[in-house]
Amino acid sequence: MPELPEVETIARGVHNRVRGDRIAQAWFGRYSEPFKTPPALQAKGLEGRILQAVHRSGKHIVCELGCCERQSADGSPEVGGNRTSVQGVEPRAQWIVHLGMTGRLLVTASDAPVAAHTHARLSLASGRELRFVDPRRFGRLEFRDLLRTPAFIAPGADPLLIEGREFAALFRGRKLAIKAALLNQGLLAGVGNIYADESLFRAGIRPGRSAGRLTKAELERLRQALREVLEHAIRLGGSSVSDYVDADGARGFFQLEHCVYMRTGQPCLSCRTPIRRILLAGRGTHYCTKCQR
DNA sequence: CATTTCACCTGGTGGC
DNA sequence: TGCCACCAGGTGAAAT
0 MPELPEVETI ARGVHNRVRG DRIAQAWFGR YSEPFKTPPA LQAKGLEGRI
50 LQAVHRSGKH IVCELGCCER QSADGSPEVG GNRTSVQGVE PRAQWIVHLG
100 MTGRLLVTAS DAPVAAHTHA RLSLASGREL RFVDPRRFGR LEFRDLLRTP
150 AFIAPGADPL LIEGREFAAL FRGRKLAIKA ALLNQGLLAG VGNIYADESL
200 FRAGIRPGRS AGRLTKAELE RLRQALREVL EHAIRLGGSS VSDYVDADGA
250 RGFFQLEHCV YMRTGQPCLS CRTPIRRILL AGRGTHYCTK CQR
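Heads up, the first sequence stops at 292 in numbering that gives the first Met the number 0, and the numbers go up one at a time, no gaps.
It is worth saying that the hints were derived from the structure and are not from the lab. A portion of the hints provided could be inaccurate.
[Claimed, not checked] Cβ-Cβ distance ranges computed for the label pairs, FRET-style:
1) THR263 <-> GLN223: 22 to 28 Å
2) ARG212 <-> LEU255: 30 to 36 Å
3) GLU219 <-> THR272: 23 to 29 Å
4) PHE252 <-> ALA216: 53 to 59 Å
5) ARG275 <-> GLY47: 52 to 58 Å
6) GLU32 <-> THR214: 39 to 45 Å
[What the hints assert, rightly or not] In silico DSS-like links for lysine-lysine, alpha-carbon gap of 25 Å or less:
7) LYS215 <-> LYS289
8) LYS289 <-> LYS174
9) LYS174 <-> LYS215
Bear in mind the structure is a predicted one, so any value in this text is a computation, not a measurement. Heads up, the beta-carbon is just placed ideally off N, CA and C, and yes, glycines get one too.
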């Protein structure tokens, strides 16, 4: 479910709520699917760590963890301060959360009712909990000890930062549909089904067009449309189509701004032509046959 | 190598 | 009310 704007919203929310807090205890459920690192190793690695910062990389939420016990007087991690002289400031480990289709990462009171399909609960020194909930179990949790493993960086360029030249180069010589290319996380990190459809509508490009045959002008329109759509969605807290919520359990509002996604048969907001739905790259794909060429 | 298809899961919805 | 088919924000392995 969650694409770049939803993951960004959640990461910011979690960051603002738990930064500087200490993981007192970690509990993991019995299912093996959600864990890239065995649950016992995750619990052992996480307990006692300070949550220094939480940010997004592609569709991944990365929790930067410092080593143990120590934190500054105001509870902030002093990132960017004197890194070598303050114990526990340099990230020593990472907890990487991928939400799959239905994953949630929530900051709750420790006595809040435990939702069904809760697979991880980190109790924090502040008395709250960081919980991972995922009914479909497509999400993944990974622990990295940075003394042994390199820091996590999502493959693929960030669609908010990429420049025109580099963007165009991603698609050069590719025969596959532009929508399939947008969904390829190795090319661009963070674009999923909603924002692929919405950005192609905004750029006026049919999703089935061969990626390598788009003109320079079309590619530039697409790059800007993608950035504008993603930034707008972030400002509105993401899209809540069915069950997406942020770190506080609040819904986003960008679903109210969707022009094509899940609007099959409804009139195009620009020309009134009914929105068409086709299957492309195995995904429901929505577009306007008149506005998108 | 590039590209496509499918399996992995649970839950909600709409038709009969 | 129940049953069933179909659909859903993602991804990576297997097949082509």
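Unsatisfied constraints (hint numbers, rising) = 4
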